[in-house]
Amino acid sequence: MLSKRLFCTISIFLCALSLSRAQDLDSLAVGYERIVFEGASLVEVNDALRAKALCYKQAGRYKEASATLSRVRLFALTPEERTDVLYQQELCYLLDGEFSQAASLVAQVGDGSPDALLLHALALAYAGRYDESQIYAARYISWDGPSQRLPSLLDLYAAKPREYNPTTSLVMSFFPPLGHLYNDAPGEGVLSGAMNLAALAFTVANFVSGYWVTGLVGGGIALNYTYMGNHQRTAFLVAKHSQNDAVQFGDKLRAFLLSE
Amino acid sequence: MKLTACIAAAFLAGAVALAQEGDRELLRKADFCASVLKEAPATGANFVEKAMWEARRQMTGRDIYEPANYMFLRQASRDLGVIPAFFALSDRILRDTRLGTVRAVPDPADGLIHEGPEAYSLKRKDGLRPLARDPATSVLAISAAATHGSGLRPSNAGPLAQSPASRPSLRWVSGEYAFTDYLIDNDLKQDARSLLFADGFHPSDTLTYLRGWTLYQLKELEQARSYLQNVPRGSSFYDKAFFYSNAISAHLGDYETPAAKLKEYSGPYVELKEMQLAGLALLRDDPEAFKSAAESFRYQDHALQSAEHELDDIYTSRYQTRQKSPWLAAAASALVPGLGKVYAGQLGEGISTFLITGALGAITAEHWVKDGPKDWKTIVPAVLTGILYIGNIYGSYMSVSIYNTRVGDAQQTAVLYNIHIPLRTVFK
Numbered sequence: 001m002l003s004k005r006l007f008c009t010i011s012i013f014l015c016a017l018s019l020s021r022a023q024d025l026d027s028l029a030v031g032y033e034r035i036v037f038e039g040a041s042l043v044e045v046n047d048a049l050r051a052k053a054l055c056y057k058q059a060g061r062y063k064e065a066s067a068t069l070s071r072v073r074l075f076a077l078t079p080e081e082r083t084d085v086l087y088q089q090e091l092c093y094l095l096d097g098e099f100s101q102a103a104s105l106v107a108q109v110g111d112g113s114p115d116a117l118l119l120h121a122l123a124l125a126y127a128g129r130y131d132e133s134q135i136y137a138a139r140y141i142s143w144d145g146p147s148q149r150l151p152s153l154l155d156l157y158a159a160k161p162r163e164y165n166p167t168t169s170l171v172m173s174f175f176p177p178l179g180h181l182y183n184d185a186p187g188e189g190v191l192s193g194a195m196n197l198a199a200l201a202f203t204v205a206n207f208v209s210g211y212w213v214t215g216l217v218g219g220g221i222a223l224n225y226t227y228m229g230n231h232q233r234t235a236f237l238v239a240k241h242s243q244n245d246a247v248q249f250g251d252k253l254r255a256f257l258l259s260e
Numbered sequence: 001m002k003l004t005a006c007i008a009a010a011f012l013a014g015a016v017a018l019a020q021e022g023d024r025e026l027l028r029k030a031d032f033c034a035s036v037l038k039e040a041p042a043t044g045a046n047f048v049e050k051a052m053w054e055a056r057r058q059m060t061g062r063d064i065y066e067p068a069n070y071m072f073l074r075q076a077s078r079d080l081g082v083i084p085a086f087f088a089l090s091d092r093i094l095r096d097t098r099l100g101t102v103r104a105v106p107d108p109a110d111g112l113i114h115e116g117p118e119a120y121s122l123k124r125k126d127g128l129r130p131l132a133r134d135p136a137t138s139v140l141a142i143s144a145a146a147t148h149g150s151g152l153r154p155s156n157a158g159p160l161a162q163s164p165a166s167r168p169s170l171r172w173v174s175g176e177y178a179f180t181d182y183l184i185d186n187d188l189k190q191d192a193r194s195l196l197f198a199d200g201f202h203p204s205d206t207l208t209y210l211r212g213w214t215l216y217q218l219k220e221l222e223q224a225r226s227y228l229q230n231v232p233r234g235s236s237f238y239d240k241a242f243f244y245s246n247a248i249s250a251h252l253g254d255y256e257t258p259a260a261k262l263k264e265y266s267g268p269y270v271e272l273k274e275m276q277l278a279g280l281a282l283l284r285d286d287p288e289a290f291k292s293a294a295e296s297f298r299y300q301d302h303a304l305q306s307a308e309h310e311l312d313d314i315y316t317s318r319y320q321t322r323q324k325s326p327w328l329a330a331a332a333s334a335l336v337p338g339l340g341k342v343y344a345g346q347l348g349e350g351i352s353t354f355l356i357t358g359a360l361g362a363i364t365a366e367h368w369v370k371d372g373p374k375d376w377k378t379i380v381p382a383v384l385t386g387i388l389y390i391g392n393i394y395g396s397y398m399s400v401s402i403y404n405t406r407v408g409d410a411q412q413t414a415v416l417y418n419i420h421i422p423l424r425t426v427f428k
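Those protein sequences? They're chains R and Z, same order as listed. Take the first sequence: its position 219, counting from 1, is numbered 219 in the numbering used here, and each next residue is one higher. Take the second sequence: its position 266, counting from 1, is numbered 266 in the numbering used here, and each next residue is one higher.
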């Protein structure tokens, strides 16, 4: 049962939300923490933690908000409250740029509201899980019935970023500059290919001319740098593409879904 | 009560609804630029440096050192001079391998080894220097993290706390001890700061102490020291604040002021006073002052005996043990490339240096035998070998100096640790 004290602090919280002043929100956060400190029941503690997390969220301190929500004792909540806490946590993770963590909460939050569907679509898109994201995005815009925006959404997903397979990239990089070309970096590929070719030519030319030591040692060192560097570079390019493309696509999807 | 609960629940639901109405706006405003991986050459790089950066990306995929080698030459030329800069760069290239960096400790924030031209300057020439430290990784930070919950006790309110001339709307901070302790103990230090720095408290020694203690936990050392130094003599927090402020001063590189204050101290913690004085003497590189202070060590107080032994050991190691010779390292590297590095304790760097210099030497020898000494195919690798060979000697000389500096720095850190950590036990 909620106490009078909690009732008062919630009232204060509502006032502060309307004021939106960071200093008020800080003070309120401390006030809620005091309720946790003195809390007689799990209900009071959970309510205070949830309210405190909202303070942090309003103040733009998403990391602290998600950390506060993770202190909520979920077992003491009703299913609706539990869903709301997890929803807020997913939202805070997403706003904090922790896309994988946000996406990991999708199944737990469920899909009982348009807000949840919107959040899942975005979290999964930013995490690079486009196919799953598309399902939630389509359900979101069709929440109130068939939507005329569905074809546009499908067009958007049809232009989703290419997925770069790290294994394929690794195999291609055994034959420079194919790894670079696979990663859509033709300029870098030409440079890498030229460097590898020069190192190989240096090695072969020395062997043919009878300079065994120079060919073995000098060529070995040069190829070690150019060939192994080519492997490392392509591995980095895969990671870079996956991350940056997902953020770019997520931004486009966000603009589309929120443009209604 | 049921009515109250219903109203409260309605308000809570309203709060949640109000917050969720703002969620879309938050999503709309969110900026995820920081999540994008970006690559760019160092700021201010010229055309040649940019080209080297591009080549470097294709050859190793990453930089190990910061500043990267392609930016190092320019900075080293400015700081060390052109010729030493070339040799320093040569030494760096010899070390810039997986083997050469096996014992290096990268910065956890970016995974890079931060080593500029200053690594090739002889820092110990003018004696020990104060350590410029990052509070987040310092011994003080470790201690602050370890003292959660150990320092807050209700006080016998000091003279300021008993002042009757207080505004009626203000409250005393004494009632917040347990809560402040809870906040710090649960890593909610920002909340503790919000609580203590909000208006509404009577000025008191307790408030000054609690503010200083909270700032200390937040690693805001300059401000923490200011507050702790202002705790008045009559306060029950005075001794603790006094010794902690001395430790903070030492940590911030000020050794003279706390030493002078300690000499005037006449409280009950006499042995602790002498222990801090001995530590400060070591930090100031003053062996006579250390011997004078160490005469008071009794090695019997369990809170202090370990620190006293440690300080004795540091004194012995620093003033009674022979240091490694840079000249011997240089001579060893002249004899066998990389041997001086091994002597300096850098086995990986030594092997890396030996392999690269040896490989170039072997190439030179092959061409010398087959083409003669005047052929360009001999001259080019010979010049490269010569530069790397001299760089190896220069680097070995410096590595011993760097080694000695590192040993000195480690000792300074150990001294700071030992004049600070025992405070946790003493004032528990």
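Hint data in this document are derived by calculation from the structure and do not stem from the laboratory. Ideal Cβ placement from N, Cα and C applies to all residues, glycine included. Do not rely on the hints blindly, as some may be mistaken.
Unchecked claim - Straight-line C-alpha distance at most 16 Å; calculated EDC-like pairs for lysine to aspartate or glutamate:
(1) R:K252 <-> Z:D31
(2) R:K63 <-> Z:D187
(3) Z:K38 <-> R:D24
(4) R:K240 <-> Z:E39
(5) R:K63 <-> Z:D31
(6) Z:K50 <-> Z:E39
(7) Z:K38 <-> Z:D79
(8) Z:K29 <-> R:D184
(9) Z:K291 <-> Z:E274
Unchecked claim - From chain R, some residues computed to sit far from chain Z (all C-beta separations above 10 Å):
(10) R34
(11) Q58
(12) D144
(13) Q148
(14) P151
(15) M195
(16) V217
(17) I221
(18) G229
Verification of the hints:
For the given pair, K252 (chain R) sits about 12 Å from D31 (chain Z) by alpha-carbon distance, which is consistent with the 16 Å threshold. The hinted pair formed by K63 (chain R) and D187 (chain Z) meets the criterion: a straight-line CA distance of about 14 Å does not exceed 16 Å. For the hint linking K38 (chain Z) to D24 (chain R), the alpha-carbon distance of about 37 Å lies beyond 16 Å, and the restraint is violated. Only pairs whose Cα atoms come within 16 Å are accepted, and K240 (chain R) paired with E39 (chain Z) is accepted, the gap being roughly 10 Å.
For the hint pairing K63 (chain R) with D31 (chain Z), the CA-to-CA distance comes to about 15 Å; that is within 16 Å, so the pair holds. Of the supplied pair hints, the one linking K50 (chain Z) and E39 (chain Z) holds, its CA atoms being roughly 12 Å apart against a limit of 16 Å. For the hint linking K38 (chain Z) to D79 (chain Z), the alpha-carbon distance of about 30 Å lies beyond 16 Å, and the restraint is violated. Using a Cα cut-off of 16 Å, the hinted pair K29 (chain Z) and D184 (chain R) is violated, with the two alpha carbons roughly 31 Å apart.
A threshold of 16 Å between alpha carbons decides the hint, and for K291 (chain Z) with E274 (chain Z) the separation of about 11 Å falls inside it, so the pair holds. At roughly 6 Å, the least C-beta separation between R34 (chain R) and chain Z is not larger than 10 Å, which violates its mark as non-interface. Not every CB of chain Z lies more than 10 Å from the CB of Q58 (chain R), the least distance being 7 Å, so the non-interface label is violated. Non-interface call for D144 (chain R) relative to chain Z: holds, since the shortest CB-CB distance, roughly 16 Å, exceeds 10 Å.
No beta-carbon of chain Z comes within 10 Å of the beta-carbon of Q148 (chain R); the shortest separation is about 21 Å. No beta-carbon of chain Z comes within 10 Å of the beta-carbon of P151 (chain R); the shortest separation is about 23 Å. With a minimum CB-CB distance of about 6 Å to chain Z, M195 (chain R) fails to clear the 10 Å threshold, and the non-interface call is violated. Distance to chain Z contradicts V217 (chain R) as a non-interface residue, since its nearest Cβ pair spans about 4 Å, not more than 10 Å.
With a cut of 10 Å on Cβ distances, I221 (chain R) falls inside the contact zone with chain Z, its closest approach being about 6 Å. For G229 (chain R), the non-interface assignment is contradicted: its Cβ lies about 4 Å from the closest Cβ of chain Z, within the 10 Å cut-off.
Checked against the numbered hints above, the structure violates hints 3, 7, 8, 10, 11, 15, 16, 17, 18; every other hint is satisfied.
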